[in-house]
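**Student:** Take a look at the letters that make up each chain.
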Amino acid sequence: MVNITINGNAIQVPSGTTVLRAAEQAGITIPTLCDHPDLHPFGGCRLCVVEVQGARLPMASCTLPVNEGMVVTTESPALTKSRRTILELLMSNYYDSGYKDGQKETTQFMRWVKHYGISVKKAQAPAPRYPVNSDPNPVIWVDMNKCILCTRCVRACAEIQGRFVWSQGGRGFNTRIVAGAETTMLEARCETCGACVAFCPTGALDNRLSMGAGKPSTVVTTTCAYCGVGCQIDLNVKDNHIIRVTSNPDASVNGMAMCVKGRYGYDYVHHPERLSKPQVRRYLLKGEPKPKASAGANPGENSDPLWDWVETDWDTALRITAEKIAQARDQHGADSVGVLTSAKCTNEVNYLMNKFTRQVVGTNNIDHCARL
Amino acid sequence: MDVTKNRIEDRNIPEIVKAAIEKHGNGRDALIPVLSEINAALGYIPAQAIAEVRRQVHDPSRQVYVNESQLYSMVSFYQMLSTKPRGRHVVKFCESAPCHVVGGRQVWQALEDELKLKNGETSADGKWSLVTTSCLGICSVGPVILIDEDVYGNVTPKEVSEILAKYD
Amino acid sequence: MKTVRSLILVSEDEASNRLGARTLFQNLQDALQEFDLQEEVMLSTITDIGRSDALPLVIVYPEAVVYGPVRPEDAHYLIEEHLYKGRVAEDLLAPIRQLSGRIAWLRARKGTLPAEKRVVLRRAGRIDPESIDDYIINDGYLALGKALTKMTPAEVIAEIDKSGLQGRGGAGFPVGRKWSFVAGASGSPKYVVCNADESEPGTFKDRLIMEGDPFALVEAITLAGYAVGANTGYIYIRGEYALAYQRLENAIEQATAYGMLGENIFDSGFSFHIHMHAGAGAYVCGEETALLESLEGKRGEPRSRPPYPVTHGLWGKPTLVNNVETLANTLAIICNGAQWYRSLGTLSSPGTKVYTIMGQVNAPGVIEVPMGITLREVISIYARGMKPGSTFKLAQTGGSSGSIIPASLQDTPMDFESFRKAGVSLGSGALLICDETTCIVDLAKVLLQFFRFESCGKCTPCRVGTQRAYEILKRITEGQATLDDLDEFPRLAGQMEQTSNCGLGQSAAVPLRDILKYFRAEVEAHIRLGVCPAGVCPMTVERESAQTKTPVLAPA
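Protein chains in written order, with my numbering: chain A, 1 to 372; chain B, 1001 to 1168; chain C, 2001 to 2556.
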């Protein structure tokens, strides 16, 4: 363990910890933009500079490892001035074209800009440098006029997703974030997972499906329904509608990561044809024999009203299912029954299905939809 | 421009990349020499060449990981590598202070006027590209211009057209 | 530069010229020819010599005799008496009391002659750079032989440490200390990387060493490897230096064939290999951590420090990064001893320094002289004075990352300590000498144009700060600026100095400070009066140049 002092507080942290993380542990907030706890430190924005006793110049706390006996000050008039200037420099290259964005809340960048009392109108660039909405990606909105080159998108894509879609192109003032060899995101092997959007602190990358949707009235943390991984996700709900899905940084399984389905595949929730109650064929509910198909009808089509789907309760639906499985096993043997379980189920559910099939039904006929 | 385009399509990019890798190695540390070699062979580094370098260098079994976005990022970072086609002759003008104070500004003006190009542009017939460069290390004879591999020192605005006339 | 027995300096300033200094100079030249002395005696001018009632002055070295006032018609007599017959022309001596402090100071340099002291350039131009035999005949491999057979690595480092050698790349870090850090660092393997990415505008000293004496660099890297415990060396050379690359490659090949590189060198059990690595055009790669990134095949973005390369360098291993000139110095130190090295230069900055001289002087070129000579001496003696009709206005030292030095500071001894005290940077040894035709705003604009183009773009203060500063300077040259704009310079400069990730952003702040510190009146004239005193700036909006065009991403 290493002993350091931050703003007069004596703190003990493991060696190798950065000053920024040590300050966090002590409940001290240092303004940051390019830093993210899930990503490798970058040290580019220089907002997080702190004063270190004995050092000639302020140092970036996000990349500075702690040293025994280090004495750090995170707030001073000089640091405030420095941070304000950094934000003004970033603002001088930022342009908000005025469209309604898809953000859940005020962006991290704008929060710091406001915190340091900078007027967006006065400080922002006189004109945009790049076309707004510059990438045809179906779910990700790109407006590089809001980019501050923190490279969180680059690192999220490389370090978390392993896709390497984004990188920095050019150098100096002409540095810009580019996809692949300056092509579109999809051509650069983008899987549209939206990790870059989740990590972007400015709204340069945004959720296209949520543009103009506004702020949520409630945020519901839930488990993604798509697969057995069990990612924790935050549903942003407004007027009883999901307006976007955001990462829950505290999610123990997936952290900030999500796949395209979890982040963008939520429209099925509000689909008019979505099943919200169990349904069974009328003949099953009435306990009648299966109606014969009418002449000339396509397979699966039957005009007989007994063939219709009818809403029912879970107990009834399960009872009928159990009876039918038992009937098939008893009449035709256990191997006449087969079970196909789903990738949307959790591991636990799949384990139970396995046990049910082999021990209760007594067959090895079980498979899974994710087998390819 | 079409002239250059046709030329690129005629070239066997996989072979050129292979030759560059054979000469400089297939490790991550060989990437800049390899890319420089390809740039010299093709005049620039087209997207196909970037894809080809990734194909031939990326090899998890040797723990060499490269991908196209990183390669493009490198190519666009280094001044001697180009992501865009360049003319048959590239005129590089040193715009650093030592050349500037001994008359460089006027020479640049003459180059722009003579070639009817601005910095970074390539002429429509694919003959000329005009770029500025940082110091070339031949400052005692400034102003300096470099055309392809030929160095011209102590250049005066009057000499510019004469020098350009040597190239076809 | 040729060796001469005497040097004559003629004062050249407004007052002297009015009193016939130009004609005097011409007459002195004629007289030297008449006595057939033009090969042995050098004639040059000296400017800004302060107030004196004895103008024009003529100073003759090595005796440091000051004559004045000398009329044009005295020229023949003066040459005949002093240079031909060898006695002081008493009747023309300047009355001591009438001499300014500066001239009195010049007189204190009695006994010195314009002689170069070549240490690192001693073989350049005198041997065949492609022949190892020629190199060995000219004392090549003496240092490595001595080190490998008679000295332990610790003794080598101790000798370098005692010599007081400081890094010649610009920062002046003590070399012995750096070597001992790497030698003492845990972790293996260790590497030696020679920083030959010489991109500082106006600097080509390393090129001359590499082209003229490539074997010396190969030997020095091997020596450094032995001292710090490395078996692999890299030469990171800038991509533009094709000839230097070829010569070094050839030198490595021949040295390997002779057993001076490779396994078990001199039967000492020490093995060493050197790899060449060419850059691809990025100034920032001269910064040591950016260089290491580039060597690893990445964008040349400087790393965050700490940790430093001495413990976490190439591939995360302890790495010694030294400049070409620095390494070249070590050979002479091992051969001749630290004591000898300390006899050169000044107490705090021993040794010699290679300077490249450019600008409005009669003899631009390269010199190697002991540390501690002054800018005035460089201009008057080594550069043979300002060009006819030019008056020294300012010098830009050390390339873009150096300082702008006004004429008033030209008597500051050029060594690391004196320069540090004066708040200027010695940098890489480039000396750009400018006259009154150089506009300070225009010069600063060119420098900032360089920085904004060469910035890696990683950190905010450098990437955006250089651009904003450039825009303001451009506005000043176009007559579009206000006095409020000038307040932005200290603010931007402070931000860049304090919070940039590497030296590039910190250096970019220097011109912003210097122009207001030394040339505020000239800058304000642009704004208040709408005129460029040097007549350089257009003072109207220039046509849009392609460089300011913004990049546009592929539209949707």
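Treat the hints as calculated values from the structure; they're not laboratory data.
Just to be clear, a hint being listed does not mean it is correct.
27 Å max Cα-Cα, derived DSS-like pairs, lysine-lysine [unchecked claim]:
1) B/K1158 with B/K1127
2) C/K2474 with A/K121
3) A/K122 with C/K2474
4) C/K2387 with B/K1118
5) A/K81 with C/K2298
6) A/K277 with A/K290
7) A/K100 with A/K215
8) A/K344 with A/K261
9) A/K286 with A/K261
10) C/K2517 with B/K1084
11) A/K290 with A/K324
12) A/K344 with A/K286
13) B/K1023 with C/K2474
14) C/K2474 with B/K1116
15) B/K1158 with C/K2387
16) C/K2298 with B/K1018
In silico contact screen, one side only, chain B against chain A (beta carbon under 10 Å); selected entries [stated by the list, open to error]:
17) Y1044
18) A1047
19) E1068
20) S1069
21) S1073
22) S1076
All values derive from a computational prediction rather than experimental measurement.
Virtual Cβ for every residue (Gly too), placed ideally from N, Cα, C.
**Student:** Indicate, hint by hint, whether the structure satisfies it.
**Tutor:** Hints and how they fare:
{"no.": "1", "hint": "B/K1158 with B/K1127", "result": "21 Å, holds"}
{"no.": "2", "hint": "C/K2474 with A/K121", "result": "24 Å, holds"}
{"no.": "3", "hint": "A/K122 with C/K2474", "result": "22 Å, holds"}
{"no.": "4", "hint": "C/K2387 with B/K1118", "result": "33 Å, violated"}
{"no.": "5", "hint": "A/K81 with C/K2298", "result": "34 Å, violated"}
{"no.": "6", "hint": "A/K277 with A/K290", "result": "22 Å, holds"}
{"no.": "7", "hint": "A/K100 with A/K215", "result": "11 Å, holds"}
{"no.": "8", "hint": "A/K344 with A/K261", "result": "11 Å, holds"}
{"no.": "9", "hint": "A/K286 with A/K261", "result": "39 Å, violated"}
{"no.": "10", "hint": "C/K2517 with B/K1084", "result": "43 Å, violated"}
{"no.": "11", "hint": "A/K290 with A/K324", "result": "13 Å, holds"}
{"no.": "12", "hint": "A/K344 with A/K286", "result": "31 Å, violated"}
{"no.": "13", "hint": "B/K1023 with C/K2474", "result": "46 Å, violated"}
{"no.": "14", "hint": "C/K2474 with B/K1116", "result": "23 Å, holds"}
{"no.": "15", "hint": "B/K1158 with C/K2387", "result": "22 Å, holds"}
{"no.": "16", "hint": "C/K2298 with B/K1018", "result": "20 Å, holds"}
{"no.": "17", "hint": "Y1044", "result": "12 Å, violated"}
{"no.": "18", "hint": "A1047", "result": "4 Å, holds"}
{"no.": "19", "hint": "E1068", "result": "5 Å, holds"}
{"no.": "20", "hint": "S1069", "result": "4 Å, holds"}
{"no.": "21", "hint": "S1073", "result": "4 Å, holds"}
{"no.": "22", "hint": "S1076", "result": "5 Å, holds"}
Of the hints listed earlier, those the structure fails to meet are numbers 4, 5, 9, 10, 12, 13 and 17, in rising order.
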